[in-house]
Every structure is written in structure tokens, then in C-alpha cells.
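Engineer: Given next are the chains, with one letter for each unit.
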Amino acid sequence: MSTVRVLVGTRKGAFVLRADAKRARWDVSGPYFGGWEIYHLKGSPADPQRLYASQSSGWFGQQIQRSNDGGQTWEPVGNQFVYDGVPGTHQWYDGTPHPWEFKRVWHLEPSLTDPDTVYAGVEDAALFHSSDGGQTWQELPALRNVKGHLWQPGAGGMCVHTIVLDPSKPERIFIAISAAGTFRTDDAGRSWRPMNRGLRSEGIPDPHAEVGHCVHRIAMHPSRPHVLFMQKHWDVMRSDDAGESWHEVSGNLPTDFGFPIDVHAHEPDTIYVVPITSDAEHYPPEGKLRVYRSRTGGNEWEALTKGLPQRDCYVNVLRDAMGVDALDPCGLYFGTTGGQVYGSADAGDSWAAIVRDLPPVLSVEVQTLP
Amino acid sequence: MIRVVLPTHLRTLARVDGEVQLDVEGPATLRAVLDTLEARYPMLRGAIRDHGTQRRRAFVRFFACEQDLSHESPDASLPDAVATGTEPLLIVGAMAGG
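Each protein sequence line maps, in turn, to chains A and B. If you number the first sequence the way my numbering does, the last residue is 817 and the count never jumps. If you number the second sequence the way my numbering does, the last residue is 171 and the count never jumps.
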């Protein structure tokens with residue numbers, strides 16, 4: 448019987464939630480790395496027992512932890528992230544030049560085929576790569592050549608927070624940066640192009656600029672890798688040409704500001720977002736926590752509320768804090784800054800809190816195990 | 074033998090309980106102690122001082138014998154009481170909450 452493992456990164460440690468395919472009773476283990484910020488942890492698609500975790504602290508810096516037994520035991524691996532060459536400057540919040548400085552790893556993306564190969568998206572924005580299970584890390588520096596001097600931090604910092612690997616083209620990678628936009632390589636990182644045509648952003652001098660957009664998250668269904676969905680700072684967007692152009696699909700959403708976006712495991716046109724009031728008010732509209740689902744690839748959205756708080760709820764759901772399982776019906780999970788992790792075993796029709804009182808949730812990843 | 078007290082998070086990271094006791098070759102300086110510490114516990118590399126510059130991380134302090142050694146040269150001699158193991162070297166996370 449299949450099982451589900453939900454990997455939860457929080458401000459004060461990591462937690463692992465486990466359930467059988469019914470997804471009704473959950474075992475909660477953790478905290479792992481108690482007291483440390485766990486921005487992200489994720490399992491290898493090629494070996495689900497191999498997990499990677501980003502552990503960081505304002506005091507003691509960055510650690511990368513690795514597990515070979517599905518998160519029961521961990522070992523620290525390499526934590527040296529050195530930019531290639533002299534990285535120069537990006538823009539500071541006020542537009543002045545600011546030197547590039549490594550701060551933390553936001554996102555770890557294991558290879559689809561090799562458990563020892565993993566990518567790390569870091570702040571200040573860059574992409575690193577390891578082919579020895581995280582022992583050593585090398586930057587893919589060509590990314591910063593794509594007008595890196597014009598990138599600027601969003602409220603959370605200037606970070607590579609999204610890494611999407613194309614299952615049909617092993618050398619194609621999409622990444623997203625706040626606040627620079629989406630970028631694509633077709634040659635395993637040797638060269639990159641901005642993929643921001645069609646985006647329109649307030650808060651930058653040219654709303655249609657080639658770079659500078661605050662992309663919050665992009666998502667892809669593996670069966671249709673040329674179709675991408677994006678939650679931008681404002682606007683939910685869609686690309687049908689592998690990022691070459693984007694069009695808005697916000698449709699009837701109550702607000703098109705938000706952070707995560709994800710795709711149903713079996714229905715490539717069924718997508719999910721969590722609308723947030725605005726960039727000034729990072730909580731749900733009207734105090735009602737609602738996931739919105741589109742079964743049409745955008746534009747037409749329905750509110751999913753059953754089991755979610757519909758009054759006095761003022762939490763946020765961060766960009767990496769939503770995931771889906773691969774069971775049928777598809778399960779959906781998200782964590783909040785209030786420490787709840789909600790799960791749905793029926794594609795979002797109904798929800799229940801798996802845990803309610805964790806530290807603020809930074810990331811949620813889901814593994815479906817045979 | 075030099076005694077080193079690590080902050081809680083670094084004891085957890087290095088999987089040690091209580092004080093660490095180090096045999097440091099040559100003059101007892103902060104640099105020599107940290108080199109020896111990191112050689113025994115490689116996971117502490119980068120957590121106390123920067124990988125590249127070897128400078129103390131901003132929120133880490135070094136105390137001993139009721140003195141703040143954080144701003145001393147890493148090549149200055151440590152107090153005799155630390156060098157002889159009478160007093161520990163305290164590696165401390167700066168008092169800034171968390």
C-alpha cells in the first residue's frame with residue numbers, strides 16, 4: 448500500500464509527516480535541527496530515501512543536511528557556497544549598487560535521475576550544483592550574466608527560490624528569482640535567457656522590463672513541460688511555450704496576489720493558488736483562508752473552503768509551502784505562517800489540519816512512496 | 074589541553090555533549106584552536122568563521138577569563154589559563170534573541 452511523506456521546513460526546525468494512502472491518520476516526527484531555520488527539504492525522485500535539507504541560522508550560517516533513510520537520520524555535508532569569480536553588484540532596495548553576498552539556500556532541487564546530483568537556489572541570487580551528494584558545490588555563474596546588475600531584492604531577499612527541471616529535456620532548467628523574473632537554460636546552465644515577456648509589474652521603472660519582475664513561484668506538470676503556471680507578486684500567469692511568453696489567467700480570483708501555485712498530479716489543467724489580500728497585507732482576504740482551484744488552466748476559479756478557517760484567519764502561505772501527492776484522488780498540502788499544515792485527500796474539496804501548532808512553515812514537499 | 078565550550082546549536086551540529094577538549098599544537102592562539110576544532114569537527118567549518126576570509130562570523134563572540142576576545146587578533150596568544158586548560162574558551166552566539 449502506498450504511503451505519503453510530507454516534509455515540512457519551518458522557522459525552528461524540520462518535521463516529517465507520514466500517513467498511509469487513506470491520509471486520515473498522521474504520524475508526526477521532529478523537530479529535526481531544532482531551533483534552526485529550515486528553508487527547504489526535498490527528496491530525490493530517483494531515490495526517495497535520499498533527502499536534502501537546507502539548515503541555516505543568522506548566527507552560524509548555512510548547513511546542508513542529507514538523509515539516506517527517508518529522514519530518520521541525517522548527516523551534515525558540504526556548506527561552502529562560493530560565487531564563481533568576482534560577483535560584482537546587484538541593485539539594492541533603493542537602486543544603488545550592492546555587492547553580492549551569500550546568505551542562505553532557499554531551495555534544493557534534486558535531479559530527476561541521479562540521487563547524488565542536486566541544485567541549490569541561493570540568496571543573493573545564484574544557482575549552485577552538486578554532483579557528489581552535496582559534499583561540494585559549484586556555481587552555474589552564467590545565470591548572473593543575464594543583467595544581474597539590474598536584479599534587486601524582494602521583501603524576503605534576493606533569492607533563487609524556484610528550480611523546475613524539464614523531464615523531457617535534461618538540459619533545460621527554469622528558475623525564478625525575486626525580484627528579477629524567470630530564466631531558462633537549454634544547455635544545463637552554460638547559458639541562460641530571461642523568460643519574462645508578457646509580465647507587467649508595478650514598482651519597477653519599466654513595467655514591461657526584460658528583468659526585474661517579482662516572480663513568486665512557477666509550476667509545471669511533468670506530462671506537459673512546455674506549459675508553465677506562475678504566481679507573480681500580483682497576477683497569476685500562464686505560458687504555453689516554455690516561458691517564451693506569458694498571459695494572465697487571474698480571471699475571477701478575489702485577489703491575484705499570492706505566493707504558491709501548484710498543479711494537480713493527474714490533471715495538468717487543474718491548478719491551485721492561495722489568494723492573499725495584497726503586497727501590503729500578507730493575509731487572506733476577509734480573514735477567510737481559501738484555496739482556489741481552476742480546472743481550466745486558469746481564468747475560471749472556484750473557492751475551496753471546506754475544513755479551512757472562514758473567519759479571523761490572518762496567516763500567510765509562503766511560496767514553497769504547497770505540494771501535491773501522486774495518489775488517486777490527488778492529495779494537496781500546504782503550510783501556513785501560523786504553523787498549521789492542512790491536507791486534502793480529495794483534490795482540495797475538503798481539508799483538515801494535520802498539525803496546528805508548528806513554528807511558521809517555510810516549505811512543504813510531498814513524497815508518494817510505493 | 075584546551076577546553077572549548079560551544080553554543081548549544083553548534084554542540085548539536087557537532088554531536089558533542091559538554092566541553093570539547095583539544096590538544097593544540099604550537100602556540101595557543103585563537104586561530105590554532107579553531108583550526109584544531111574544525112579539523113576534528115568539519116561540520117563546524119563556516120559556522121564560526123567565514124570559509125574564505127576566516128573572519129569571525131558577525132554574530133559569534135569569543136570570551137574567556139571574563140574577557141571579550143572577539144576583537145583580538147586571531148594570532149594573539151590566548152590567556153595562560155586557557156592555554157593550560159584551567160579556564161575554557163567560550164564560543165558564544167551573540168545575545169540577540171532567536
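FYI, nobody ran anything at the bench for these hints, they're computed from the structure. A virtual CB, placed ideally from N, CA and C, is assigned to each residue, including glycine. A couple of the hints might just be wrong.
As the list claims (entries may be wrong) - Calculated lysine to any residue pairs in the SDA-like style (CA-CA distance at most 25 Å, straight line):
| id | chain 1 | residue 1 | chain 2 | residue 2 |
| --- | --- | --- | --- | --- |
| 1 | A | K550 | B | T85 |
| 2 | A | K550 | B | V133 |
| 3 | A | K550 | B | C138 |
| 4 | A | K459 | B | R104 |
| 5 | A | K459 | B | V89 |
| 6 | A | K459 | B | G166 |
To be verified - Some chain B residues close to chain A (C-beta under 7 Å, calculated; not the full set):
| id | residue |
| --- | --- |
| 7 | H82 |
| 8 | M116 |
| 9 | G119 |
| 10 | A120 |
| 11 | F132 |
| 12 | Q140 |
| 13 | G166 |
Said to hold, decoys possible - Label-pair distances were calculated between CB atoms; the ranges are:
| id | chain 1 | residue 1 | chain 2 | residue 2 | range |
| --- | --- | --- | --- | --- | --- |
| 14 | B | G125 | A | P617 | 25 to 35 Å |
| 15 | A | A727 | B | R84 | 40 to 50 Å |
| 16 | B | R128 | A | Q585 | 17 to 27 Å |
Engineer: Given a hint of 40 to 50 Å, does the C-beta separation of A727/A and R84/B actually sit inside it?
Structural biologist: holds (42 Å)
Engineer: Holds or violated: K459/A and R104/B, Cα atoms, limit 25 Å.
Structural biologist: Given that 25 Å is the threshold and the Cα spacing comes to 31 Å, the pair is violated.
Engineer: Closer than 7 Å between Cβ atoms is the bar; does H82/B clear it against chain A? Give me holds or violated.
Structural biologist: holds (6 Å)
Engineer: Checking one constraint from the list: CA of K550/A to CA of V133/B, max 25 Å. Satisfied?
Structural biologist: Holds: K550/A and V133/B sit about 16 Å apart, inside 25 Å.
Engineer: Holds or violated: K459/A and G166/B, Cα atoms, limit 25 Å.
Structural biologist: holds (16 Å)
Engineer: Close enough to count: is the Cβ of A120/B nearer than 7 Å to one in chain A?
Structural biologist: Because about 4 Å separates A120/B from the closest Cβ in chain A, which is inside the 7 Å limit, the hint holds.
Engineer: Can you tell me whether the CB distance of G125/B to P617/A sits inside 25 to 35 Å?
Structural biologist: Because 33 Å falls inside the window, the suggested range holds.
Engineer: Sort out whether V89/B lies within 25 Å of K459/A, counting only the CA atoms.
Structural biologist: holds (21 Å)
Engineer: Is the interface hint for G166/B satisfied, with its Cβ closer than 7 Å to some Cβ of chain A?
Structural biologist: Nearest chain A Cβ about 4 Å off; hint holds.
Engineer: Given F132/B as an interface hint, is its Cβ closer than 7 Å to any Cβ of chain A?
Structural biologist: holds (4 Å)
Engineer: Would the hint on G119/B be counted as holding, given a Cβ-Cβ threshold of 7 Å to chain A?
Structural biologist: holds (5 Å)
Engineer: Q140/B was flagged as interface toward chain A. Is the shortest Cβ-Cβ separation under 7 Å?
Structural biologist: violated (21 Å)
Violated hints, in rising order: 3, 4 and 12; the structure is consistent with all others.
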